[in-house]
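With these hints in hand, go ahead and build the complete structure from the sequences.
In full-length UniProt numbering, the protein residues as written are 1 to 261.
Errors might be hidden in some of the hints.
[Claimed, not checked] Keeping only pairs whose Cα atoms sit at most 20 Å apart, straight-line, the calculated EDC-like set for lysine to aspartate or glutamate is:
hint, residue 1, residue 2
1, LYS143, ASP175
2, LYS143, GLU82
3, LYS81, ASP119
4, LYS129, ASP155
5, LYS81, GLU27
6, LYS143, ASP195
7, LYS95, GLU27
8, LYS112, GLU90
9, LYS112, ASP195
10, LYS143, GLU163
11, LYS129, ASP195
Calculated from the structure, these hints are not laboratory results.
On a predicted model such as this, the values are computed, not experimentally measured, just so you know.
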Amino acid sequence: MYHPPNPNTHPDWLAPHSLPWYTQLGETTGGYVYPWRSTITEPNGESLFMEEISRMVPNQSVLDIGCGHGAFTLHWSRSAKEIVGLDVTENFVQKARTQTPENVSFVVTNTKYTLPFHDDTFDCAYNRKGPTSAYPDIARVVKRGGSFIGLHPGDQLSAELFEWFPHLFGSRPADTPILQNLQERLRQAAFQRVDIQTVIATEYFQTPLDVIRMRCFGQSPTILTSAIEQHLESVMPIFDHHATSDGLPTTHMYYLVRAIV
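Here's what the structure looks like:
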């Protein structure tokens with residue numbers, strides 16, 4: 001029986017969340033925006049993260065780690081005293097700088113190196129699905145006693161897609177590499193206090209095409225077109241078999257980090 005090839009075998013495939021992948025995403029879309037349609041039950045990691053940030057940032061000097069094209073940074077600039085967004089992708093930051101209020105600035109930097117700020121620059125910081133490589137230096141740039149909130153994809157995020165569509169998604173790691181990496185980064189950060197909460201909700205993908213869009217997020221249009229041509233016919237009946245009236249139900253798992261510097 002013929003099975004179409006995994007999209008990651010395409011010669012133009014880029015490792016998701018690698019520097020070339022972010023560069024390509026910035027060049028093709030100008031922002032970090034999901035291209036698929038879905039709904040997520042409440043409460044979920046995103047909604048809880050928003051609640052935490054809303055309590056943390058008012059009248060504070062804030063650092064946004066992994067700000068992307070700046071939409072989230074600009075949203076919180078309305079309540080923060082000042083806010084700095086940093087990202088490694090030049091195209092994202094260029095777009096962010098086109099609409100910058102006086103209390104907002106953006107910095108291009110690679111968090112694998114020392115953060116480009118003086119000691120005790122910020123009152124608090126947050127990381128919304130950004131690089132964990134920034135964690136070891138946060139305690140230096142955020143004032144002692146300041147708060148930090150982080151949100152990161154969980155190891156079981158969309159796990160059902162790997163089970164139902166193995167030829168599209170491939171195999172999923174059996175252990176918990178994301179959590180293990182996160183725990184190690186947090187140990188290096190030397191926070192006074194830290195807690196990791198696992199938040200699980202349900203994400204409903206609306207159509208079979210949205211499943212393929214999710215798989216090819218950040219890849220070239222050529223790869224997406226090829227994946228649709230090769231996989232849509234086989235995805236449709238599996239989608240219909242497992243879908244409910246709300247869509248295709250999958251695990252929406254995130255790790256919510258709360259810490260005191």
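Checklist line | Pair hint LYS112 and GLU90, alpha-carbon separation not exceeding 20 Å | finding: 16 Å, holds
Next item on the list: Please work out if LYS129 and ASP155 have their alpha carbons no farther apart than 20 Å.
Entry: 13 Å, holds
Checklist line | Restraint status (C-alpha distance of LYS143 to GLU82 at most 20 Å) | finding: Holds, because 15 Å separates the two Cα atoms, which is no more than 20 Å.
Item checked: Given pair status - ASP175, LYS143, alpha carbons within 20 Å -> 35 Å, violated
Check: LYS81 and GLU27: Cα distance at most 20 Å?
Finding: Roughly 31 Å separates the two Cα atoms, so the pair is violated.
Next item on the list: With a cut-off of 20 Å on the C-alpha distance, tell me whether LYS129 and ASP195 pass.
Entry: 17 Å, holds
Notebook entry, point to check: Is the Cα-Cα distance between LYS143 and ASP195 20 Å or less?
Noted result: 19 Å, holds
Next item on the list: Would you mind confirming whether the straight-line C-alpha gap from LYS143 to GLU163 stays at or under 20 Å?
Entry: 45 Å, violated
Item checked: Given pair status - GLU27, LYS95, alpha carbons within 20 Å -> Holds: LYS95 and GLU27 sit about 11 Å apart, inside 20 Å.
Notebook entry, point to check: Quick one, are LYS112 and ASP195 close enough, alpha carbons at most 20 Å?
Noted result: 23 Å, violated
Checklist line | Straight-line alpha-carbon gap LYS81 to ASP119, limit 20 Å | finding: Holds. LYS81 to ASP119 sits at ~18 Å (cutoff 20 Å).
Hint violations for this structure: numbers 1, 5, 9, 10, all remaining hints satisfied.
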